[in-house]
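Protein chains in written order, with this note's numbering: chain A, 48 to 678; chain B, 330 to 527.
Honestly, I wouldn't trust all of these hints.
Said to hold, decoys possible - If you only want the chain A side, here are some residues facing chain B, beta carbon under 8 Å, derived: (1) 163; (2) 212; (3) 272; (4) 297.
Said to hold, decoys possible - In silico lysine-lysine, DSS-like type, Cα no more than 27 Å apart, as pairs: (5) 321/A - 51/A; (6) 321/A - 247/A; (7) 485/A - 387/A; (8) 564/A - 550/A; (9) 284/A - 461/B; (10) 461/B - 262/A.
Think of the hints as simulated: they come from the structure by calculation, not from any bench.
Ideal Cβ placement from N, Cα and C applies to all residues, glycine included.
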Amino acid sequence: MCFKNLPVEFDEQGNASLRGGIPDPYTASMAPANVPMQLTHEQVEELVRRNGHVKSVDFDPVTRVAGALAFHAVADLKERRIYEARSVATLFRGYEVIMVGRDPRDAIYITSRACGVCGGVHSTCSSLAIEMAIDCVPPPLGVIVRNLALALEFLYDHPLHLHLLAGPDYSAAIVEPTNPALYARAKKTEAPHADVHGYKTMAALMEDLNPLTGKLYVEALHMTRVAREAYVLICGKYPHPQTIVPGGMSSTITLTVMNEMYVRLSQFFDYSKKMAGIWDDITDFFYEANPAYKQVGQRRANMIDTGIFDHPDAYDATYKNASAWGDRRWATPGAIVDGKLVTTDLHKLNMGLEEFVEHSYYEEWTGEGQRQRFPNDPSGNPLSPYHPWNKITKPRPGAQSWKEKYTWDTAPRWDRLGMEAGCYARLWNTAVAQKMPKNPFIESTGHSLKVRVPKGALPEMELEWHVPEVWNAFERNRARAHCVAFTAMVAMNNWLAAMDRLKNGDTKTSTPFEIPKTGERLGVGFWGAGRGYLTHHLVLDRGAVSNYQIVTPSTWNASPTDRWGQPGPYEEAVMNTPLLEESDNPEDFRGIDVLRAIRSFDPCMPCTTHIHSDAGVVTREVNTCACGVED
Amino acid sequence: MRTLIGAVGYRNLRDFSAAFEVIARLEGDSHLRSESERGEGGCPLGPDVVIEDTAYNPIAVVQWLQSLEAPERFDRAIFISSLERGRTPGMLTAYRWDGGLPPDDQVQQAVTEAVTGIIALENTVVIGGYFKVLPPEVIIIEIEPLDHEFGPELSTPVRAAITPVVVLVRRLALDPDAIDDIPVASLPLRHAQKARTL
């Protein structure tokens, strides 16, 4: 029984139904049990009033993240802890509003603009939703090439985050001024993986993580080019592809294209070994220097992922069979609660999804006299009125108030729990579920993932990522680094599969389709961004979009506190973070531990491009001063 | 003299698309000329002028410039963009960039924006300058926008500015001495008040 909080039960055949005898089953009184809570506003005010050393600390904007994020915290600089944490998405995205009334094919191009890093994942996710709604199944090579495109996007994304955005948090330029004792220790500490990455000491490694001048920073810039070049071979351009269509890909795949792709993909063999070694060494060094670092960014291991990389023999684009084809994915779908995998079933993942807006700049869409549009999914499973297929996006800008509304993000919950999204969720699910296809490169052991990376300049290596005992900022980064190898080897498997198809004369990459102009149809794209979970829920009415709802990884991670007082993942992680920075003078406080906690999620506030407001279209983020906030 | 003419902006965003209208007009000449008249590479302004849509990830622009071999490298770059600075709509500001760079934390923020999808002239120039890939002469032509909405149409004052920009760009692209008429100035940076050291 995967649901502990939702009023859904299953019979012996596994069919879901609403629990009997509950007049309003999805009512707010169905609160999640045993979850962390924010202090009330009154409690925080009292702490600030009584203690001079309890102060507001605002990060606005949070730099080195994608898009517009601000963060408000109330910190006790004497006790070195955080009492309150509020995550603020400062811009309205509005893609859900833009999509209504349009031809669904527009979604492939419009929703791509939701993100300037990984637009292609949105294009693909929308094409998956359309395929499901119109019954269009891509040919095997179309599925395989789509997998390759996704993997190449991740090979752009992960190095970018690790060495351009989060990496500087562990660089000499940051560690030396904020933790001088730690840096002194780094100078004397040998790096265990020196034979792989080439740095004899931890301090030498930290030097090359320095922004702009560090070799690892510059190398990451170069590797983004390698991944982009491989991507445009099959997608035309980056980050907004031109070849993704419902029913597959419109690109022409030849041996030449595949060979040119391999030249680029193979450059990630050695790079992925190096990444894993670097982030294993950083993590272990900090833990050994001070075990309290295990609490930086710590939260319950609650995470969710829809799985990605379809198997061409299994994927049939139907909702009915989603549980079956989901289980055949290269990265297994799943929900993890308190470190335990509770389901891998895409139907259950979808059924448990709700979005709440108590602290968001939106109006509630349920209520008196409001008919729930879809009480059930297409397979007859019960859906909440707060499920995306039932959601209506009703923006309502207003004053910022921690008691009331303070963000443009919503609060998605699964089984009413604050879940985290990330590439690590796909590692974790895949490692534990042991459902991935048999292949020569990746092995799922039930507690780890073993990835055999072929020889490059470095010898062939087996990297192993273990399900961690604690879940924190360091483990997020470590897992992301191991995800480079995992992704590269999923790409290798799909590259080999594509070559086999081509050798046999199978070059078909797409299936023709028409958009039906009658009836109401539902579709959902279950896909993933570099940062994790991605869904597009689509309702088609007589050939036009009547509802379109996007839930991105950062919708989960940056979510505000919910109606029950349960913080969102950034908020929870920051509330658990001890302030280990070495500073006696509050004026010198830089908040590096808080920033490490936030950046470890790889925040992507996909709202910086072409945002519409009453004042026009915003092409760039703006900051909102949280320090002047009401209350 | 090898010259790059680069347009930076957003397509279908009315006045913020003005730079594309400029390069379309410059390239449009090619439709009126024979192939032999257009010259090598098809550029109507001659084989030593490259007209380019540079409205993409500034890091990728930098990497393209880095990859050029010696004979392909540029002596002069002319970047055109709509930039909102509170001037009269349609007003043109042309200046030769003085090469001044902001502090490193602001360069770092520009790189962050670039790799996460923000297209902005100042990022292209700052990152290009930092990595020393820009030509010795960089000329910036700014157009003050009026209209912020989605759509292909330019506002009346910005549309009126297109022809003068085309004339100016053509002169700067072809006449090595035309740069003498252009004042030297710094690039105003929007990062200045925002960047944090962490």
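Evaluation of the provided hints:
1. Because the beta carbon of residue 163/A sits about 1 Å from the nearest beta carbon in chain B, less than 8 Å, this interface hint is met.
2. Restraint check, residue 212/A versus chain B: the minimum CB separation of about 7 Å is within 8 Å; hint holds.
3. Taking 8 Å as the C-beta contact cut-off toward chain B, the hint placing residue 272/A at the interface holds, the least distance being around 5 Å.
4. Given hint, residue 297/A at the interface with chain B, is violated; its Cβ is 21 Å from that chain's nearest Cβ, farther than 8 Å.
5. Restraint check for residue 321/A and residue 51/A: not satisfied, since their Cα atoms lie roughly 41 Å apart, outside the 27 Å limit.
6. Of the supplied pair hints, the one linking residue 321/A and residue 247/A holds, its CA atoms being roughly 13 Å apart against a limit of 27 Å.
7. Under the criterion of a C-alpha separation no larger than 27 Å, the hint pairing residue 485/A with residue 387/A is consistent with the structure, at around 24 Å.
8. Of the pairs offered as hints, the one joining residue 564/A and residue 550/A is violated, with about 39 Å between alpha carbons and a cut-off of 27 Å exceeded.
9. Proposed proximity of residue 284/A and residue 461/B is supported: the alpha carbons are some 26 Å apart, at most 27 Å.
10. At most 27 Å may separate the alpha-carbon atoms for a hinted pair to count; residue 461/B and residue 262/A meet this at roughly 17 Å.
When the structure is compared with the earlier hints, violations turn up for hints 4, 5, 8 and for no others.
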